[in-house]
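Student: Listed below are the residues making up each chain.
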Amino acid sequence: MTDAPELDPVIHAQARLRVVSALSALREADKITFPRLQESLGMTAGNLSVHLRKLEDAGYVEVTKTHQGRTPATLIRLTRRGRLAFEEYTAALRALLDPGAQS
Amino acid sequence: MDPEDDQAPADPLALIERERANLVRHIAPDPRLMYWPWGFAWLIGFTLLFLRYGPDGKVYVNLPDWLPLTVLMLLFIAAGLVTGFAGSRSVRRTSGPTSQAGLAYGLTWSIAFFGFSVLYARLANDLPDQQAGLLWAGGMVALTGALHMAGSAIWQDRQLFVLGAWTSVINIVGIVAGPGWHSLIVAIAGGAGMIVAGFLGWRRLR
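Protein sequence lines correspond, in order, to chains A and B.
FYI, the numbering for the first sequence is 8 to 110, going by my numbering.
FYI, the numbering for the second sequence is 2 to 207, going by my numbering.
The shape of chain B in the complex, shown without the other chains (with noise of 0.2 Å):
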């Protein structure tokens, strides 16, 4: 035990505060790995489906017609990976309510986005090119803001709540605009959204 233990301490309140951040910290996933990958998959996926898919059926830039999708496909996964990991090490650190409502967070999402691809998967052979990618596009965002705004209800993070509702909005003002608008609007405003959300998250735990 060191001398200074008993000691009373000399400013108790700042260790009071300082304490508590230290833990807080310590349990909460890295906002940056919970936001960014999403944030940058959004930002480059959609701005590559722009490009080759863009307003009224132009084509901005001649990419291979299926590259800006699998490009879309792979980072959603690598972005999934990463999420996934960072917040299954932040559920394992506690034991309790918030672990469990973490966990249940988790599949929430996985099971979600599984039950719309399957959805997708049936209709999109279906529809036009232009219409089955803003069914795609469309639903995962909605899907996503919707889950941000829950999100917001189990963390009690008003934060989180504005990203879904930001989400949301744009997403409806993208499909209203229709596909083209849909993923610039998405990939700079959603993306973007995001990318701050990871970087004021990240200050204020920091």
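Okay, chain A solo, but in the shape it has when bound (with noise of 0.2 Å):
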């Protein structure tokens, strides 16, 4: 009863959950451009990149220099680790905020 669900500290900062949820509106296996994400969640370049960075560290994130026609672009998948991961915090968190709907 007591021992309440760990929450990953990767995810569970303010900028990273942003950056995972917003991925994860992805299906598995799409890559969305780099700008476009910065774009949808308002963040700087600079700062979406030290995210992203750390979230590739633990293997949540998988980051791909490409190139569409000339232009060279970066595309950005949540990895099923990292997919795993999110389902995994979202579920802790459910059941932190409403323990008696565990089963």
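For the record, the hints were derived by calculation from the structure and aren't laboratory data.
From the three backbone atoms N, C-alpha and C, an ideal C-beta is built for every residue, glycine too.
Among the hints, erroneous ones may be present.
In silico contact screen, one side only, chain B against chain A (beta carbon under 10 Å); selected entries [to be verified]:
#, residue
1, Glu-20
2, Asp-31
3, Arg-33
4, Gln-132
Counterexamples of contact, computed for chain B against chain A with all Cβ distances above 10 Å [what the hints assert, rightly or not]:
#, residue
5, Pro-56
6, Gly-97
7, Tyr-106
8, Ile-171
9, Ile-189
Put the two chains together into one complex; each comes in its own frame, and the hints tell you how they fit.
Tutor: Structure (structure tokens):
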């Protein structure tokens, strides 16, 4: 009863939770371009890069450099591990907010 | 890095929902741009067609005989350009299976309509005007309905299935009712259906 679920410290930080939440709306295996993600989140490019690197280090996010025609493009997706961590995070969160609902 | 970046979020569940909705809105094409150009093209174009070529050859408004079809074609081309542009912009925002599906879906529309236009051009001169008109309009509306229903399977969008089924049913009713009536039914029920679909889709994303 008292063993409250741990919240993943990588995700449980305002900025990174926003990044991971946004990426979780993509279908699995879909990637989004960096500028679109940045626009959706309303973060500066530098700030977003910092948080993406932390998420990449944790293995939650995959960043791919590629070309779309001649223009270089950076594509981002949530890895399977990242998606799993996000699902566990939201489940833990719900359990914390409403412990009675736990089966 | 902002100082609050590493702080625990105050209301994480609300934050999660907000960011997910935000992202979908940023990558999906604006439903208004996808539906309204077609809705208004049908509404205006088929209304002109009805007024000039009414049931049993009745002429409600004595427009030049080339005018309704020319207007309809121009509105279709304009609508195709708008949706093609909005759709391809959306496709480029992501990469992967969804983007591939979007490209294939967009090309399917173009190729299907082109194929049907060729068939029509081949047959039109051998048919009486009223029959040729019904072949053209009935075929185009049938294709549109079928592609919307197929689209609902690709995008897992029930609303799109309803639109496609609705379009198909009013098309059948119009074809059975005959030339003239078909134009009126497609103008009102079909045009309005797409305008409503654009509005509902936009409200859902907003």
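Student: All hints, please: hold or fail.
Tutor: Structure-based check of each hint:
Given the 10 Å rule on beta carbons, the hint for B:Glu-20 holds: about 4 Å separates it from the nearest Cβ of chain A. With its C-beta approaching chain A no nearer than about 15 Å, B:Asp-31 sits outside the 10 Å limit, and its interface hint is violated. Hint status for B:Arg-33 relative to chain A: violated, with the closest Cβ pair at about 19 Å, above 10 Å. Hint status for B:Gln-132: violated, given a least beta-carbon distance of 46 Å to chain A, over 10 Å.
Taking the minimum C-beta to C-beta distance to chain A, about 48 Å, the non-interface status of B:Pro-56 holds against the 10 Å cut. The Cβ of B:Gly-97 does not lie farther than 10 Å from every Cβ of chain A; its closest approach is about 4 Å, which violates its non-interface assignment. Chain A leaves B:Tyr-106 outside its interface by the beta-carbon criterion, the shortest separation being 15 Å against a cut-off of 10 Å. Its beta-carbon lying about 33 Å from the closest one in chain A, B:Ile-171 satisfies the requirement of being farther than 10 Å from that chain.
A cut-off of 10 Å between C-beta atoms confirms that B:Ile-189 is not in contact with chain A; the least separation is 37 Å.
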